[in-house]
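Student: Numbering of the sequence shown is given in this note's numbering, commencing with residue 1 and proceeding in unit increments.
There could be a bad hint or two in this list.
Here are the computed distance ranges between Cβ atoms for each label pair [to be verified]:
1. GLY182 with ALA66: 20 to 30 Å
2. HIS223 with VAL106: 14 to 24 Å
3. ALA119 with ALA204: 15 to 25 Å
Keep in mind that the hints were calculated from the coordinates and are not lab data.
Note that beta-carbon positions come from the ideal geometry of N, C-alpha and C, so glycine has one too.
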Amino acid sequence: MHPDRPDGRVLYPQARLQQLGCKAVTGKAAKLLCSAGAVLALTSAAQADPTFPARYEVRGVAATDALNIRATPSARAEIIGEIEPFAIHIEVLDLSPDRKWGKIGVPEGNGWVSMAYLAPTPPEDPFTVPRPLSCLGTEPFWSVSLYPRGAEYNSPDTGAVPMAVTHEAVADHGYLVQLEEGPSLNRTLIITREACSDGMSDRAYGFATRMFTEAPDGNSALHGCCTLDHR
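Take these sequences, add in the hints, and give me the full structure.
Tutor: Listed below in structure tokens is the structure:
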């Protein structure tokens, strides 16, 4: 039995349970006894945990300073980059075990920033796909970017091409986006919340996508990764 799981399943540490006025009763039928207030506190804590990836913004960093990006979740780790003091649209992929550090993307991999200086972005409309959102693939190179007032497809062959969003839908673990690029070219993206790699760098992403293109010169299906990060 795990020492922090009095009933073999509860994920709350003993110190936190005691603080809330709970106690474990072990035996053939292990139980966790808590006051009504403690149950509410435990429930609220679970509900308050964000679903990652999630978008954050910098708070509490002086205008003349910057938020350091470190190689590992430690204040002693190597600094591999920095974020401007008023930056927004920072995608946090996950938290360190002690929840003090957030994993973010950098051009060729990932880094860690102190969560003490990040605040969640105000909630967006739960029935629309979050924006800005970018999806990209490497075989061949392509990208689709969704903005508050439009969308754009980009590739070495076409350059930047504006598109119109004709339909979008939201599910618990992903999004559907249908786009129109002229009267006879349509693109459909199915975006799912899962680990993804672009196949060329060591960077980990938190969304994967499949893009189906209907075009007069032939249809195609491509895969890629997506990010909420737009620093």
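Student: Has the hinted range 15 to 25 Å been met by the Cβ atoms of ALA119 and ALA204?
Tutor: Roughly 23 Å apart at Cβ, these two residues keep to the hinted range, so it holds.
Student: Using the beta carbons of GLY182 and ALA66, state whether their distance is inside 20 to 30 Å or not.
Tutor: Since GLY182 and ALA66 have Cβ atoms about 43 Å apart, the given range 20 to 30 Å is violated.
Student: Does 14 to 24 Å hold as the CB distance between HIS223 and VAL106, or does it fail?
Tutor: holds, 22 Å
Against the hints set out earlier in the document, a violation occurs for number 1 only.
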